[in-house]
Structure formats: structure tokens, C-alpha cells
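This is what each chain is made of:
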Amino acid sequence: GQSLEQPSEVTAVEGAIVQINCTYQTSGFYGLSWYQQHDGGAPTFLSYNALDGLEETGRFSSFLSRSDSYGYLLLQELQMKDSASYFCAVRDSVDYKLSFGAGTTVTVRA
Amino acid sequence: EPEVTQTPSHQVTQMGQEVILRCVPISNHLYFYWYRQILGQKVEFLVSFYNNEISEKSEIFDDQFSVERPDGSNFTLKIRSTKLEDSAMYFCASSEGIAAYNEQFFGPGTRLTVL
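Chains as they are written, first to last, in the working numbering: chain A, 1 to 110; chain B, 1 to 115.
Just so you know, not all the hints are guaranteed correct.
Said to hold, decoys possible - Straight-line C-alpha distance at most 20 Å; calculated EDC-like pairs for lysine to aspartate or glutamate:
(1) K42(B) / D92(A)
(2) K83(B) / E103(B)
(3) K83(B) / E53(B)
(4) K57(B) / D39(A)
(5) K83(B) / E44(B)
(6) K42(B) / E55(A)
(7) K42(B) / D82(A)
(8) K42(B) / E9(A)
(9) K57(B) / E9(A)
(10) K42(B) / D39(A)
Stated by the list, open to error - Take a look, some chain A residues computed to stay more than 10 Å from chain B by CB distance:
(11) E14
(12) V18
(13) S61
(14) S67
(15) D68
(16) L98
(17) R109
Unchecked claim - To give a feel for the contact side, a few chain B residues facing chain A, derived at Cβ under 7 Å:
(18) I54
(19) E56
(20) E59
Keep in mind that the hints were calculated from the coordinates and are not lab data.
We put the beta carbon where it would ideally sit given N, CA and C, even for glycine.
Using the sequences provided together with the hints, build the complete structure.
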């Protein structure tokens with residue numbers, strides 16, 4: 001099975017940088033993804049890492065270290081619209097199921 | 001931009017009743033999924049579906065649940081006899097392929113309330 005750990009909530013001001021860490025345990029690893037969810041709406045895909053290193057997509061970056069079973073999502077130049085829940089998710093290489101972490105609620109204040 | 005759609009947006013039912021949740025995946029996608037999210041909790045995988053059969057299912061997806069692709073566009077989740085604990089948001093998702101880099105596109109969800 002899989003288990004993922006991420007902080008439950010983070011608060012920051014506009015313009016700041018937030019890092020959301022995710023550690024995982026999985027029987028077979030096939031990639032770490034990040035999803036954003038506003039107010040219980042549809043989760044939307046943000047990024048995916050299969051190999052070690054940093055992937056940058058605009059203001060958001062995602063990092064993976066497979067040896068440490070660890071990744072993070074970096075939110076830069078925070079905007080009010082970034083207030084949302086962020087989930088890390090791992091895809092198992094055996095059954096391909098996507099398992100989500102409990103989510104981190106990011107609150108951006110003016 | 002193509003999107004996954006779900007109907008109804010909100011379903012209220014009595015305990016023990018059957019419900020069918022409907023989804024229209026993105027047209028060129030081959031893999032379909034159902035997830036549920038109990039209020040305030042994480043998104044949980046229920047089932048994946050490919051080539052007209054279930055490819056994976058979780059422990060949550062017991063005999064009360066079934067999925068079907070009745071035609072070329074719809075993908076349904078049936079709960080045969082609903083329980084109070086089935087109250088949750090149910091999300092349908094689809095992807096082009098099964099590989100991890102194949103982004104899963106989620107629908108807006110159906111909020112199921114079992115009374």
C-alpha cells in the first residue's frame with residue numbers, strides 16, 4: 001500500500017514563498033504528482049516528477065528525491081488566488097493506482 | 001478546452017436506495033476513474049476502468065459499487081444500497097493513458113448526501 005505525509009496547513013502573505021513537503025511510502029513508485037483543489041471543487045493537475053530534481057512551471061515548482069522518498073511543491077510570488085488545498089499523489093508502479101495525501105490547506109493573506 | 005462533466009451536481013437519497021452517478025469523460029481518453037472525498041478529508045481512489053472492464057479497485061469499492069460504460073460517452077458509478085457513510089463528493093476523472101505522466105482530468109464532482 002501507499003502512505004503519504006504532508007502538513008495540514010500553511011499560512012503566508014501575498015508575495016511570499018511557500019514550500020509544501022511530502023514524504024511517501026509505497027510498494028512501487030511510478031511518479032509524484034501535485035494537484036490543487038479550491039473549496040472542494042475538482043482537483044486540477046499542477047505537476048509531475050518521475051525523476052529526481054526540480055521541475056518548474058511558472059510560479060510553481062516541484063522537486064523529487066526518490067532516494068529520500070520525498071518531494072515538495074514550491075509556490076512563489078503567492079497570490080490570493082493560490083489559497084487552496086494542495087495534494088501530493090503517488091502512482092504505484094504495480095497497480096498504477098493514484099494515492100493522494102491528506103492535503104495541505106494554503107491560506108494567503110494580504 | 002475539453003473537460004470532464006458530471007451529473008447531477010448534487011444528489012440526495014434515502015439510506016438503502018440505489019443511486020447512479022454519471023460522468024462524460026474527455027472524448028479521446030481511454031482510462032476512466034472514480035474517486036470519492038468525504039468532507040474535509042483526502043481524495044480516495046475507488047476504481048479505474050479501461051477497455052470496458054475494471055483494471056483496479058480499492059478496498060472501498062465493495063459489492064455495493066459497480067461501474068459501467070453503457071455507451072460511447074457515459075461512464076457511470078452505481079451504488080446499489082446507499083449507507084450513511086457513502087455521503088461524500090464523488091469525482092470522475094479520465095486520462096489518455098495509464099502512465100504516471102498522463103495527467104488525470106477531474107470532473108466537478110457529484111455531492112452525494114445519504115439521509
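Against the structure, the hints come out as follows:
Annotation: proposed proximity of K42(B) to D92(A) holds, straight-line Cα distance about 17 Å (limit 20 Å). A threshold of 20 Å between alpha carbons decides the hint, and for K83(B) with E103(B) the separation of about 32 Å lies outside it, so the pair is violated. For the suggested pair K83(B) and E53(B), the alpha carbons sit about 25 Å apart, so the restraint of at most 20 Å is broken. Of the pairs offered as hints, the one joining K57(B) and D39(A) is violated, with about 27 Å between alpha carbons and a cut-off of 20 Å exceeded.
The suggested pairing of K83(B) with E44(B) holds, with an alpha-carbon distance near 17 Å, which does not exceed 20 Å. For the given pair, K42(B) sits about 25 Å from E55(A) by alpha-carbon distance, which is inconsistent with the 20 Å threshold. A threshold of 20 Å between alpha carbons decides the hint, and for K42(B) with D82(A) the separation of about 19 Å falls inside it, so the pair holds. Taking the CA atoms of K42(B) and E9(A), the gap is about 13 Å. The hint holds against a cut of 20 Å.
Among the hinted pairs, K57(B) with E9(A) is inconsistent with the structure: their alpha-carbon atoms are about 30 Å apart, more than 20 Å. Distance restraint check for K42(B) and D39(A): the Cα-Cα separation of roughly 13 Å lies within the 20 Å cut-off, and the hinted pair is therefore satisfied. Under the 10 Å C-beta cut-off, the non-interface status given to E14(A) relative to chain B holds; the minimum distance is some 26 Å. Its beta-carbon lying about 20 Å from the closest one in chain B, V18(A) satisfies the requirement of being farther than 10 Å from that chain.
For S61(A), the non-interface assignment is confirmed: its Cβ lies about 17 Å from the closest Cβ of chain B, beyond the 10 Å cut-off. Taking the minimum C-beta to C-beta distance to chain B, about 18 Å, the non-interface status of S67(A) holds against the 10 Å cut. The beta carbon of D68(A) sits about 19 Å from the closest Cβ of chain B, which is more than 10 Å, so the claim that it is off the interface holds. Its closest Cβ contact with chain B, about 6 Å, brings L98(A) to no more than 10 Å, contrary to its assignment away from the interface.
Against the 10 Å criterion, R109(A) stays outside the reach of chain B, whose nearest CB is about 21 Å from its own CB. At a threshold of 7 Å, the smallest CB-CB gap from I54(B) to chain A is about 12 Å, leaving the interface hint violated. For E56(B), the interface hint holds, since its Cβ comes within 7 Å of a Cβ in chain A; the closest pair sits about 5 Å apart. Annotation: interface hint on E59(B) violated; nearest CB of chain A at approximately 9 Å, more than 7 Å.
Of the numbered hints stated above, those contradicted by the structure are hints 2, 3, 4, 6, 9, 16, 18, 20, listed in ascending order.
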